[in-house]
Amino acid sequence: MPEQEKDKEKEKASAAPTATEQPVAPGQPAPATKVPAAEEEASQYFFGEPLVGFDPSEITGSLIVIEGMDGSGRSTQIALLQEWLESEGFAVQTSGLRRSNLVGRDIDQLLAKNAVTRLTLSLMYATDFFDQVEHRILPALRAGTVVLADRFIFTLIARGVVRGINRDYISGLYAMALRPHLTFWLNVRPETAFAREFKKAQAISYWEAGRDMSLSHDLYWSFIRYQTMIKREFEVMAKRHSFIELDGEASVSAVNKQLRQRIGERLGIRATKYAPSSALQHLWR
Amino acid sequence: MPTSSVENPESSQKAPRPEAAKSTLPQPGRPVPSRAYPGALIVVEGTDGSGKSTQLYLLKRWLEIGGYRLHFTEWNSSPLVKSATRRGKQRRLLTPTTFSLLHAADFADRCERQIMPLLQGDYLVLADRYVYTAFARDAARGCPPRWLRNLYRFAPVPDITFYFRAPLDVAVHRILSGRPKLKYYEAGMDLGLSYDRSESFRLFQARILEEYDKMVDSDNFVVLDGTLPVNKLQKQMRDIVASKIDLKRFAPHAPEVE
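Here the protein sequences line up with chains E and S, keeping their order. The numbers in our numbering rise by one with no breaks, and the one at position 248 of the first sequence is 248. The numbers in our numbering rise by one with no breaks, and the one at position 175 of the second sequence is 175.
You may find that some hints are simply not true.
Short derived list, chain S residues pointing at chain E, Cβ under 8 Å [unchecked claim]:
no., residue
1, Pro-96
2, Thr-97
3, Thr-98
4, Leu-102
5, Ala-108
6, Arg-146
Now the stretches of chain E that chain S is said to cover, found in silico as 3 or more residues with beta-carbon under 8 Å [to be verified]:
no., segment
7, 47-59
8, 102-113
9, 123-132
10, 169-180
Simulated from the structure, these hints should not be mistaken for lab results. Don't be surprised by glycine CBs; every beta carbon is placed ideally from N, CA and C.
Given these sequences and hints, build the entire structure.
Below is the structure:
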């Protein structure tokens, strides 16, 4: 590889840590196609590589991601934000894991059967993710819609990494993921999350507790240890990808206020006062 | 005991592979060199109609009749992923990216549950199409080559990769004459190359052929001429296998010493 290109590679790697950096197998990496200008432009929208057939000039909407462990209050906040944004006159589209038409239900079945290995599951989640990007998120962003994503690649990367999947590999998988305009991380202690989740369903699911990882026979400790591992991965990514970290232990209304402020700045909404309608009143505690 | 109708593959001489460390399991997503396990992996690649499946079938028969420990695996055949692939194809939901990812999921499932365990368990594994199919086909669909290489990084590197090369016209004719109707994705209709399915297929196959040709050196393909008579080609294939792989290792019983 000529020196110049090498430097460019390095630059790209530091700008977009998800780009593949290591030699790949089998064989040597195929020669990269030469589209430097397009690549540079694409890096503003993608972590590494552009999606096939992507045209950046079409993007007029905003992609807003809410990340956080089970029980951090993500879905509550998204329901409230959707109502607020709609009342402000913004069209909203939501997305989340396992919601694709292509493989959403297949993943549900794989999880129920517990017959799947970690790598296959990761790749099924990646399929689910990109199907939603291409059929739901991108069309919405082209139409000027605000997309609220309930979790994003960060959860998927963290889950893979704690299961021993090579970090460069799994982030390389998501090189073609769109870069969010804002990424919020609702950070809570695993103990708090456990209590909230238990209260919700009077049970903790197999996967939430990371039971496939044989961390502990004790459900509580399995949950705590698993979510702590995930949290550590998030701490690493939070710096790298400039997450906006919010204290998920705070009240729903306090967290919501902070979210509205940051989103309001991005969308040019000046007054961010909001009180939920009667339909969502029960979430406002 | 091999029957008299087949050549004895044990006649060749080759140093046995050093015993692999059995305790170090590969980490998914890391490249797996062929010396990390005691088994051996033989792969066939080539465009549709290149004759590769026929040849691998005959190779498999030869080894089966000889009583060797082997496992045969086919591209796109994992039951776990099948329903998703079928739905995606029927409803034409697949984009180049999701087409690629679903096939990778299929491969990962076979890799984690069959190919790797069997290679570690000292088996001879025969694969009809391997990661190079994805490299060629998905690159022809426009997926970034670097991304594709990363996607399949967990795949063990084959001991032999046979590339059956047939001229475009020959291969396309073989397929078109034997099939009433090409399927949508098979014909590459999603690329919008032509409204005519046969023409689209031809253009798509030409791109794939070009991608395969690029990999011949970088991925150590053993190139075989797909236009040769079947039995001649099979003879070449068996000779190469016998010379490159220490087949004794996969015999049912160690030869008795008298």
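Verification of the hints:
Taking 8 Å as the C-beta cut-off, the interface hint given for Pro-96 of chain S holds, the closest approach to chain E being about 4 Å. A distance limit of 8 Å between C-beta atoms decides the matter here; for Thr-97 of chain S the minimum to chain E is near 5 Å, and the interface restraint holds. The interface hint given for Thr-98 of chain S is met, as the beta carbon of that residue sits about 5 Å from the closest beta carbon of chain E, less than 8 Å. Given hint, Leu-102 of chain S at the interface with chain E, holds; its Cβ is 5 Å from that chain's nearest Cβ, closer than 8 Å.
With a cut of 8 Å, the hint placing Ala-108 of chain S at the interface with chain E holds, because the nearest CB-to-CB distance is about 4 Å. Annotation: Arg-146 of chain S was flagged as interfacial toward chain E, and the flag holds, the nearest CB pair being 6 Å apart, inside 8 Å. With 6 residues having a Cβ less than 8 Å from any Cβ of chain S, the segment 47-59 of chain E passes the three-residue criterion, so the hint holds. Interface restraint, the segment 102-113 of chain E with chain S: holds (4 residues with C-beta to C-beta distance below 8 Å; minimum three).
Counting residues of the segment 123-132 of chain E whose CB falls under 8 Å from any CB of chain S gives 6; the rule of at least 3 is met. Under a criterion of three residues with beta carbons nearer than 8 Å to beta carbons of chain S, the stated coverage of the segment 169-180 of chain E is upheld, 6 such residues being counted.
Violated hints: none; the structure is consistent with every hint.
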